[in-house]
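Undergrad: Listed here are the chains, written in short residue letters.
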Amino acid sequence: MVLNNIEKLLDKYENGETSLKEEQQLKHYFSQETVAPHLEMYKPMFAYFLVNQQEQFTKDVPLNPDSYRDKRTFNYKWISVAAVAVLMLGFYFKEPIVSSYEAYAYGTFNKPEKALNEVTKSLAMISSHFNKGTSTVGYLNEVNKGTSTLGYLNEIENTTSIIFKN
Amino acid sequence: MTQVEFLNIVMPFKDKVFRLAKRLLVSTEEAEDATQEVLLRLWNNKKKIQEYKNVEAFSMTMTKNFCFDKLKSKQAQNLKIVHSNYEDGNTSLQKQVELNDSVDWVSKIIEELPEQQKIIIQLRDIEEYDLDEIAKMLNMNNTAVRVNLSRARKTIREKLTSTHKYGIK
Numbered sequence: 157m158v159l160n161n162i163e164k165l166l167d168k169y170e171n172g173e174t175s176l177k178e179e180q181q182l183k184h185y186f187s188q189e190t191v192a193p194h195l196e197m198y199k200p201m202f203a204y205f206l207v208n209q210q211e212q213f214t215k216d217v218p219l220n221p222d223s224y225r226d227k228r229t230f231n232y233k234w235i236s237v238a239a240v241a242v243l244m245l246g247f248y249f250k251e252p253i254v255s256s257y258e259a260y261a262y263g264t265f266n267k268p269e270k271a272l273n274e275v276t277k278s279l280a281m282i283s284s285h286f287n288k289g290t291s292t293v294g295y296l297n298e299v300n301k302g303t304s305t306l307g308y309l310n311e312i313e314n315t316t317s318i319i320f321k322n
Numbered sequence: 057m058t059q060v061e062f063l064n065i066v067m068p069f070k071d072k073v074f075r076l077a078k079r080l081l082v083s084t085e086e087a088e089d090a091t092q093e094v095l096l097r098l099w100n101n102k103k104k105i106q107e108y109k110n111v112e113a114f115s116m117t118m119t120k121n122f123c124f125d126k127l128k129s130k131q132a133q134n135l136k137i138v139h140s141n142y143e144d145g146n147t148s149l150q151k152q153v154e155l156n157d158s159v160d161w162v163s164k165i166i167e168e169l170p171e172q173q174k175i176i177i178q179l180r181d182i183e184e185y186d187l188d189e190i191a192k193m194l195n196m197n198n199t200a201v202r203v204n205l206s207r208a209r210k211t212i213r214e215k216l217t218s219t220h221k222y223g224i225k
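Those protein sequences? They're chains D and V, same order as listed. For the first sequence, our numbering gives the first residue as 157, with consecutive numbering after it. For the second sequence, our numbering gives the first residue as 57, with consecutive numbering after it.
For the record, the hints were derived by calculation from the structure and aren't laboratory data. Honestly, I wouldn't trust all of these hints.
Claimed, not checked - Heads up, simulated BS3-like pairs for lysine-lysine below, C-alpha to C-alpha not over 27 Å straight-line: (1) Lys233(D) <-> Lys128(V); (2) Lys168(D) <-> Lys215(V); (3) Lys174(V) <-> Lys130(V); (4) Lys164(V) <-> Lys168(D); (5) Lys199(D) <-> Lys210(V); (6) Lys210(V) <-> Lys183(D); (7) Lys288(D) <-> Lys277(D); (8) Lys126(V) <-> Lys164(V); (9) Lys288(D) <-> Lys301(D); (10) Lys177(D) <-> Lys103(V); (11) Lys109(V) <-> Lys177(D); (12) Lys233(D) <-> Lys103(V); (13) Lys215(V) <-> Lys174(V); (14) Lys174(V) <-> Lys168(D); (15) Lys177(D) <-> Lys102(V); (16) Lys183(D) <-> Lys199(D); (17) Lys215(D) <-> Lys164(V); (18) Lys199(D) <-> Lys130(V); (19) Lys174(V) <-> Lys215(D); (20) Lys183(D) <-> Lys174(V); (21) Lys177(D) <-> Lys199(D); (22) Lys126(V) <-> Lys215(D); (23) Lys174(V) <-> Lys164(V); (24) Lys164(D) <-> Lys103(V); (25) Lys215(D) <-> Lys164(D); (26) Lys130(V) <-> Lys104(V).
Make the full structure from the sequences, and use the hints.
TA: Written out as structure tokens, the structure reads:
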């Protein structure tokens, strides 16, 4: 009777029509020591299923790196905030520079005579410095002398060519 | 979500994830890596976890996709899977002894099944999921799952019967 039932279940099982409960029944039947000889070949299959249910995942999962990852995204957020702050500061400090430049461009002298004096003074200073610069250019003549002496090197080349010809 | 809460959610099915990964990737080490990766991804998306209707089914789908990706990348690289617990056709003495072990045979037979059937057998006969749940996990319809399951079971039975009768391959 039981065997008949099992055979029916096996048929249904192969067609994928058994419920989980019926499959439990089958598993239970085939986990017994002795089963009907003509059903012997099913035994390893169900035994395998049962054994495989036991296998466990034993490796540890390191969950900590992720809190670290969380921190990193947190930092990125503040980097953008800092960048905006720096930009705003930049604009803020640029303002006074512009206004002082305007004051500088239009001059700070009230009387034109005073301004003329100042300009001639500064121009005189520039010309004196310029003259200093030109006087040092005179040294370039020395360089020319040096290059003329290099001409003697040709003589050496002449002699070496004579040597190699021989 | 704290680590403890997360672990409480994940603990019940982490072994199932591992076993599914092992069924597909064969190697224990690779399956461990895959499981770790899946769990880490869940952890990274822990804020969204509450929105998922069924975290377990979602994780199984994720595992399946992850393993397929891994297998694909292996094929693309033209690399063979090398692992210690994979039996090849060599018949050393030890292997012959192993082959006598019918339970081992079942594992070999399942390994030869197409990926889809492998997953379904794993989910149904080992993890004992409902057919509807499996259909959802694999994004298939119920009948397709049933047909695949039936085919897989028939193949296993046929191969087991012939082995049982002749005691040879």
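Undergrad: Now look at each hint and say whether the structure bears it out.
TA: Right, here's what the structure says about each hint:
1. Between Lys233(D) and Lys128(V) the alpha-carbon distance is near 37 Å, which puts this suggested pair outside the 27 Å criterion.
2. For the hint linking Lys168(D) to Lys215(V), the alpha-carbon distance of about 19 Å falls within 27 Å, and the restraint holds.
3. Restraint check: the Cα-Cα separation between Lys174(V) and Lys130(V) comes to about 19 Å, which is no more than 27 Å; the hinted pair holds.
4. In summary, the hint linking Lys164(V) to Lys168(D) is supported, as the alpha carbons are separated by about 24 Å, within the 27 Å threshold.
5. At roughly 15 Å between alpha-carbon atoms, Lys199(D) and Lys210(V) fall within 27 Å of each other, so this suggested pair holds.
6. Our distance criterion of 27 Å between C-alpha atoms is met by Lys210(V) and Lys183(D), whose separation comes to about 17 Å.
7. Taken as a hint, the Lys288(D) and Lys277(D) pair is honoured in the structure, with Cα atoms around 17 Å apart against an allowance of 27 Å.
8. Between Lys126(V) and Lys164(V) the alpha-carbon distance is near 21 Å, which keeps this suggested pair within the 27 Å criterion.
9. Of the pairs offered as hints, the one joining Lys288(D) and Lys301(D) holds, with about 23 Å between alpha carbons and a cut-off of 27 Å not exceeded.
10. For the hint linking Lys177(D) to Lys103(V), the alpha-carbon distance of about 36 Å lies beyond 27 Å, and the restraint is violated.
11. At roughly 25 Å between alpha-carbon atoms, Lys109(V) and Lys177(D) fall within 27 Å of each other, so this suggested pair holds.
12. For the hint pairing Lys233(D) with Lys103(V), the CA-to-CA distance comes to about 18 Å; that is within 27 Å, so the pair holds.
13. Proposed proximity of Lys215(V) and Lys174(V) is supported: the alpha carbons are some 15 Å apart, at most 27 Å.
14. Between Lys174(V) and Lys168(D), the direct Cα distance comes to roughly 20 Å. Compliance with the 27 Å bound is thereby established for this hinted pair.
15. Note on Lys177(D) and Lys102(V): the hinted pairing is violated, with a Cα-Cα distance of about 34 Å set against a maximum of 27 Å.
16. The hinted pair formed by Lys183(D) and Lys199(D) meets the criterion: a straight-line CA distance of about 9 Å does not exceed 27 Å.
17. As the CA atoms of Lys215(D) and Lys164(V) are separated by approximately 25 Å, the hinted pair is consistent with the 27 Å bound.
18. Taking the CA atoms of Lys199(D) and Lys130(V), the gap is near 35 Å; set against the 27 Å cutoff, the hint is violated.
19. Straight-line distance between C-alpha atoms of Lys174(V) and Lys215(D) comes to about 24 Å, which keeps the hinted pair within the 27 Å bound.
20. Between Lys183(D) and Lys174(V) the CA atoms are separated by roughly 19 Å; this keeps the pair inside 27 Å, and the hint holds.
21. At roughly 18 Å between alpha-carbon atoms, Lys177(D) and Lys199(D) fall within 27 Å of each other, so this suggested pair holds.
22. In summary, the hint linking Lys126(V) to Lys215(D) is supported, as the alpha carbons are separated by about 20 Å, within the 27 Å threshold.
23. Distance hint between Lys174(V) and Lys164(V) is fulfilled; the C-alpha atoms sit about 11 Å from each other, no more than 27 Å.
24. For the suggested pair Lys164(D) and Lys103(V), the alpha carbons sit about 48 Å apart, so the restraint of at most 27 Å is broken.
25. At roughly 42 Å between alpha-carbon atoms, Lys215(D) and Lys164(D) are farther apart than 27 Å, so this suggested pair is violated.
26. Restraint check for Lys130(V) and Lys104(V): the C-alpha separation of about 31 Å exceeds 27 Å, so the hint is violated.
Hints 1, 10, 15, 18, 24, 25 and 26, counting from the list given before, are not met by this structure.
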